[in-house]
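*Asks:* Please build the complete structure, drawing on both the sequences and the hints.
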Amino acid sequence: MKPKLIIGVCSIVLFTSLLMYNFGTSISTYVNFEQAEHQSGAHVVGAWDNSQEYAFSRETMQFSFHMKDQDGNVRRVVYPRPKPNNFEQATQLVVIGEMRNNVFYANEMLMKCPSKYNEPGDAEFVNAEES
Amino acid sequence: MEGFFGSLLVSAAFMAALFSMLFYGLYAGSDRKGYAKAADILWYTKGAALLAASAILIFLLVNNRFEYFYVWNYTSLDLETMYLFSAFYGGQEGSFMLWTLFGFLVGTGLIRWTRDPYKGPVMFVMGLTQFFLLSMLLGWDLFGLNIGASPFRTIAQEMPNAPFIQANPDFVPADGTGLNDLLKSPWMMIHPPIIFLGFSMMTVPFAFAIASLWKQDYHDWIRPALPWTLGANLCLLTAIFLGGYWAYETLSFGGYWAWDPVENASFVPWLIGTAGIHMMIVQRSSSRAHKGAIFFAILAYIAIVYQTFLTRSGVLANQSVHSFVDLGLYNQLLMFMLVMLLLGIGFYLYRYKELPSPEKESTILSREFMTFTGGMMLFVMGAVIILGTSSPIIGRLFVENPTPPEIQFYNDWTMPIAIVMAFLTVIGQYLFWKRHDWESLSAALITPLLITSMASILTIILGEVRSLYTMIFIFAAWFTVAGNGAMLIQQILRSPKLIGGSLSHIGFGTLLLGIIASSFYNEVMLDERGENYNRMVEQGEMLDEQGFPVTQKMEIFELSLNQPELINNEYMVTFEGYRLTDSPRPGQQEYRIRFEPVDGGKPFVMTPQVYPMLTSSTSENIEWSVEPDVRTRLFNDIYMYVAGSSYVDQLNSRNENQAGNLSVADQAGGTENGEETTTLELQRQQSREIGPWRFTFQDFRPASTETLPDSTVIGVRSLIEVLHEPSGSAFEMEPLFAVYTENGQSWTYSPPLELSNWGISLRFSSIIPDRDAIELTLNGLSSEAEEEWVVIVAEKKPFVSIVWLGTFLLMGGFSISILRHWSREKSLQK
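Chains A and B, in that order, are what the protein sequence lines are. At position 87 of the first sequence (counting the first as 1) the number is 87 in this note's numbering, and the numbers step up by one without a gap. At position 97 of the second sequence (counting the first as 1) the number is 97 in this note's numbering, and the numbers step up by one without a gap.
It is worth saying that the hints were derived from the structure and are not from the lab. Here the structure is a predicted model, which is why all the values come from computation and not from measurement. It cannot be assumed that every hint is accurate.
[What the hints assert, rightly or not] Taking lysine-lysine and the BS3-like style, the derived pairs with C-alpha atoms no more than 27 Å apart in a straight line are:
id, chain 1, residue 1, chain 2, residue 2
1, B, K291, B, K353
2, A, K2, B, K353
3, B, K553, A, K68
4, A, K4, B, K353
5, B, K291, B, K215
6, B, K291, A, K2
7, B, K33, B, K826
8, B, K553, A, K83
9, B, K215, B, K33
10, B, K796, A, K83
11, A, K2, B, K360
12, B, K434, B, K291
13, A, K4, B, K291
14, A, K4, B, K360
[Said to hold, decoys possible] Restraint ranges, calculated between C-beta atoms of paired labels, are given here:
id, chain 1, residue 1, chain 2, residue 2, range
15, B, S362, A, Y21, 31 to 37 Å
16, B, F520, A, E108, 17 to 23 Å
17, B, S495, A, Y21, 44 to 50 Å
18, B, E541, A, G41, 20 to 26 Å
19, B, G728, A, Q35, 50 to 56 Å
20, A, Q70, B, L397, 19 to 25 Å
21, B, S560, A, Q70, 37 to 43 Å
22, A, G24, B, S362, 35 to 41 Å
23, A, Q70, B, E721, 53 to 59 Å
24, B, L723, A, N50, 36 to 42 Å
25, A, N50, B, E67, 32 to 38 Å
26, A, Y21, B, P358, 32 to 38 Å
Backbone N, C-alpha and C fix where the C-beta goes; we use that ideal spot for every residue, glycine too.
*Replies:* Shown next as C-alpha cells:
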C-alpha cells in the first residue's frame with residue numbers, strides 16, 4: 001500500500017512538472033522586430049505598412065510586404081505563400097517566423113480583421129443602403 | 001413589436017426556469033409530490049415560451065426584418081432559405097438559444113424517465129443550467145448592469161449613438177450584411193445542432209452525479225446516466241467529425257485537425273466523457289470506482305462550460321481562427337463556470353469521505369485496473385489539452401502576454417498517451433470478458449501479436465519508416481486493431497450485442513493508423529522547378545538577395561493555360577481554363593485542372609473554386625476566398641486549391657485603379673489607365689479576335705421603338721456574340737445604333753453596353769452600308785493577349801479515409817453500446 005502510494009505520487013509529480021516545463025518552453029511571448037533577431041519561432045504583432053510596396057512575386061513564389069511592429073520598427077516580411085485573402089483589411093497582423101539580416105521570414109501569418117460586429121462603422125450602413 | 005414579444009417570452013422563460021429550479025430543489029429536499037408537479041408545469045411553461053421565442057426569431061429571419069440587429073447581422077436578401085436556419089444559430093445569441101432548447105428537450109425526457117430518489121436533484125441541476133443559459137439571452141438592463149444579449153434587440157438599441165440612428169431612429173437597412181460565406185455549407189447546417197445536443201446530453205451525467213451526492217445514493221445513478229453519456233459522446237464525436245470534414249473540404253486549412261481552441265472545446269469534453277464512461281463501466285460491473293465515475297461525470301460538463309467560457313468570453317480572441325463575437329458576457333460566463341465548479345467539485349469534496357471505496361486493491365491484471373487506467377489516460381490527455389488551450393491564462397505563469405503553444409506541444413504529449421491507451425485497450429478487453437493470469441493472457445495474445453508483428457513489419461517496410469518512435473506507434477495501432485479484432489470475432493460468434501466496446505476500440509486503433517499515415521506521408525505537390533528549389537534550400541545553396549541562405553521551402557506551383565507540367569514525377573497537370581459559374585455565389589470561378597498519371601492511369605479533372613466573399617468585400621477591394629477540391633480515393637486523397645490566378649489579378653488591379661483614379665476615370669471616360677479604344681469592322685457572320693476575346697457579328701436585330709429617341713430615322717440593333725476563350729465564357733449582346741434628327745441636324749445615338757465582370761464596354765458605333773458591315777467600338781480591352789495562369793497549392797494526403805473509417809467505427813461502437821445499455825435500463829423500469 002505505502003510504496004504504491006509513494007510511486008503514484010512521485011509519478012504524478014514527475015509527469016506534472018515535465019508537462020509544465022514543456023508547456024512553459026512551448027509558449028513564448030509576443031516580441032518586436034528587434035527582440036526577434038535572436039529567436040526562432042518569434043511571434044511579432046504589428047500592422048501592415050501600406051506606404052511601401054508590397055507584392056506577390058511569381059518569380060520567387062513569395063509575398064513580401066513591410067510591417068510596423070507595436071514599437072514602431074518597420075521591417076520587410078517575406079511570406080512563402082500568396083497574399084492571404086483578407087490581407088489589406090487586417091487591422092493587426094501576427095507573423096510567426098524568424099528574423100535574418102533585418103528581413104523577417106514568416107512561416108505563418110495570422111490576421112486580425114476589424115470586427116464589424118463589434119463596432120459597426122457608418123460605412124457599412126452606407127453600403128447596406130445603397131444595395 | 002415582434003421583437004418586444006420575443007424579449008418578453010425569453011424573460012418569461014427565464015423566470016419560469018428560475019422557479020421550476022427552485023421547486024425541483026424544494027422537491028429534492030422534502031420529497032413532497034406537490035412541489036414536483038408545480039416544477040414540472042413551470043418546466044413545460046418555460047419550454048413553451050422558449051419555443052415561441054424561437055419561432056419569432058425564425059419568423060423575423062425568414063421575413064428579412066433588418067431593423068433587428070441579429071437579422072441584419074447574419075442574413076441578407078440573397079440568402080438561400082435553408083441557410084436562414086443556419087443563421088438562427090450562426091450568432092452567439094441564437095446558439096445559446098439552440099443550446100437551451102435542446103437542454104429543455106433532454107430535461108423533458110428526464111422528467112419522464114427518471115425515478116426517485118434522483119428525480120428532484122437531477123431536474124434541479126437541469127433547471128440550474130437552463131437558468132444560466134437563458135440569462136445569456138435576456139438583454140436586461142438592471143441599473144446600468146447589462147445581463148445577457150437579446151437576439152431581439154434592434155439596430156437602434158444596439159448602436160444608439162450611431163449618427164444615422166440619431167438622424168432617424170426608425171432607420172431600417174435595405175439589406176443585411178449576410179451570413180459568413182464559409183458557413184454556407186450543408187455540413188455547417190447540421191454541425192451546431194449536433195454539438196449542442198451533445199452538450200445538453202452531457203448535462204445528464206453531471207445532474208445524476210450531483211443527485212447521487214445529494215441523495216447519498218452512489219450506486220444506481222450510473223444506470224440511467226451511462227446511456228446518456230454514451231449518447232452525448234456520440235453526438236460530440238459526430239460533431240467533431242463534421243467540423244473536421246468541413247475544415248478539410250471547405251476551408252483551405254489543409255487538414256482535418258489543427259488543435260484550434262474551438263476544436264479542443266468539443267474534444268476535451270469528449271475525452272473526459274469517455275473517461276467517465278470507462279469509470280461507470282467499472283462501477284457497474286464490479287462495484288468499484290464510484291469516486292472516479294462521479295468525478296468524471298461532473299468534470300465532463302465542467303469542461304464544456306469552461307471551454308464555452310474560453311471561446312465565447314473573448315479570452316481567446318487572438319488565438320483562434322474562429323471569431324466569436326465578444327458580447328460582453330464575460331462576467332456571466334465566469335459566474336456560470338464558477339457556480340458549476342463549486343456545485344460539482346465542492347459537493348464532491350464535501351461528500352468525498354462517504355464515497356464508497358473498494359475493500360481491497362485490485363490487482364494489475366484485472367479488468368477493473370485496466371479499464372480504470374484507460375479512463376485515467378483519457379482524462380490525462382484531456383488535461384494536457386486543457387492546459388494548452390488555457391495558455392492565455394495559465395501561460396502568464398511563465399511569460400507576460402503569452403502566445404498559444406506550438407502545435408508540437410499537443411502532438412508530443414497526446415501521442416505517447418495514445419500509445420499507452422492502445423496497449424491498454426487490448427489487455428483490458430481480454431481481461432474484461434475472462435479472468436487471466438500472466439501466462440494465460442500471453443497465450444491468448446499470441447495470435448493477435450503475430451498478426452500485429454506482421455502488419456507492422458509490412459507497414460514499416462512499405463512505408464519506409466525510419467524512426468523508432470513511429471515504429472512503436474504503428475505497432476501499438478496495429479495491436480489495437482488486431483487484438484480487439486480477435487475479441488470482436490469471438491463476441492460475434494457468442495453474443496453480438498456485446499461488441500460495442502471492442503468495435504469502438506478497433507475504431508480507435510484505425511484512427512491512430514489513419515492519423516499517423518496521413519500526417520507522416522503528407523506530401524506537397526510541386527513542379528520540377530519547385531523540387532529543385534527545395535533541394536537547394538535543404539542543402540543551404542539557395543541564397544536570397546543579400547546572400548543569406550533561404551530556409552523556407554516552396555509550396556506552390558504555377559500553371560500556364562494549356563501547358564502541361566510534370567508534377568511530382570507522377571502526373572502531367574494541365575490548366576485547361578476556367579469558367580465563371582456565378583454559382584452558388586456571384587463572381588464564383590471554377591478552374592479546370594487536368595491530371596494525367598504518367599504511368600498510364602486514368603486521367604481526371606479537378607475543379608477548385610474561387611469566389612469573392614460578399615459579406616466583407618467592397619467595390620474597391622474584393623476579398624477572395626477559395627474552395628478546395630479534394631479527390632478522395634481509398635488510400636490517397638489529392639487536395640488542392642487555387643491560390644491566385646490571372647483573372648483574379650486583373651480584377652484586383654482594375655479595382656485598385658478604379659479606386660485610385662475615380663475622378664480621373666470619370667472625366668476621361670475610362671480611356672486612361674492604359675486601356676485603349678479599339679474599333680472593329682465586322683461583316684455578317686464574321687469573327688475577329690482581339691487578345692483573348694473573339695467577337696462574332698451574327699445578324700441585325702430590329703430595335704423596339706420605346707428605347708429609341710423621339711425623332712429617329714433609323715434604329716437597329718446588332719447581335720454580337722462575345723467569347724472569352726480562356727474561360728469559355730460566352731455572352732450575347734445587342735448594342736443599339738440609331739440616327740435621329742434634332743434641330744434639323746442628324747445625330748447618331750449608340751449607348752455603350754458593359755460587360756460588367758470584365759470591365760469592357762462595347763458600342764455599335766457605325767454602319768458601313770457599302771461593305772454590308774458594322775463598326776464596333778470597344779473600350780477597356782488591352783491590345784495584347786494577357787497570359788493566363790493559375791497558382792496552385794496541392795498536397796497528396798494519403799490515408800485520410802482511414803481517419804474517417806476509424807471515426808465511423810467509433811461511432812458504430814458507441815451506438816451499439818447505447819442500444820444495449822438503454823434497452824437494459826428500459827427493461828429494468830418495467
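*Asks:* Taking the hints in turn, state whether each one holds.
*Replies:* Hints versus structure:
The suggested pairing of B:K291 with B:K353 holds, with an alpha-carbon distance near 10 Å, which does not exceed 27 Å. Of the supplied pair hints, the one linking A:K2 and B:K353 holds, its CA atoms being roughly 20 Å apart against a limit of 27 Å. In summary, the hint linking B:K553 to A:K68 is supported, as the alpha carbons are separated by about 25 Å, within the 27 Å threshold. Restraint check for A:K4 and B:K353: satisfied, since their Cα atoms lie roughly 21 Å apart, inside the 27 Å limit.
Note on B:K291 and B:K215: the hinted pairing holds, with a Cα-Cα distance of about 15 Å set against a maximum of 27 Å. For the proposed pair B:K291 and A:K2, the alpha carbon gap of about 20 Å is at most 27 Å, so the pair holds. With a CA separation close to 24 Å, the supplied pair B:K33 and B:K826 stays within the 27 Å bound. Between B:K553 and A:K83 the CA atoms are separated by roughly 16 Å; this keeps the pair inside 27 Å, and the hint holds.
Proposed proximity of B:K215 and B:K33 is supported: the alpha carbons are some 17 Å apart, at most 27 Å. Straight-line distance between C-alpha atoms of B:K796 and A:K83 comes to about 23 Å, which keeps the hinted pair within the 27 Å bound. A threshold of 27 Å between alpha carbons decides the hint, and for A:K2 with B:K360 the separation of about 14 Å falls inside it, so the pair holds. The suggested pairing of B:K434 with B:K291 holds, with an alpha-carbon distance near 25 Å, which does not exceed 27 Å.
With a C-alpha separation of about 19 Å, the suggested pair A:K4 and B:K291 falls inside the 27 Å cut-off, and the hint holds. A distance of roughly 13 Å separates the Cα atoms of A:K4 and B:K360; the hinted pair therefore holds under the 27 Å criterion. Hint check: B:S362 to A:Y21, Cβ distance near 33 Å, so the stated range 31 to 37 Å holds. Evaluation of the 17 to 23 Å hint for B:F520 and A:E108 yields a pass: the beta carbon distance comes to about 21 Å.
Between B:S495 and A:Y21 the CB atoms are about 48 Å apart, so this pair conforms to the stated range of 44 to 50 Å. Range check, B:E541 to A:G41: about 24 Å between beta-carbon atoms, so the 20 to 26 Å window is met. Range check, B:G728 to A:Q35: Cβ separation about 53 Å, and the 50 to 56 Å hint holds. The beta-carbon spacing between A:Q70 and B:L397, approximately 23 Å, falls within the hinted interval of 19 to 25 Å.
With their beta carbons about 42 Å apart, B:S560 and A:Q70 fall inside the hinted range of 37 to 43 Å. Under the hint 35 to 41 Å, the C-beta atoms of A:G24 and B:S362, about 36 Å apart, fit the expected range. At roughly 57 Å, the beta-carbon separation of A:Q70 and B:E721 lies within the given 53 to 59 Å, and the hint holds. Remark: the range hint 36 to 42 Å for B:L723 to A:N50 is upheld by a beta-carbon distance near 38 Å.
Checking the proposed 32 to 38 Å range against A:N50 and B:E67 shows it holds: the Cβ atoms sit about 36 Å from each other. A C-beta distance of roughly 34 Å is found between A:Y21 and B:P358, which places it inside the suggested range of 32 to 38 Å.
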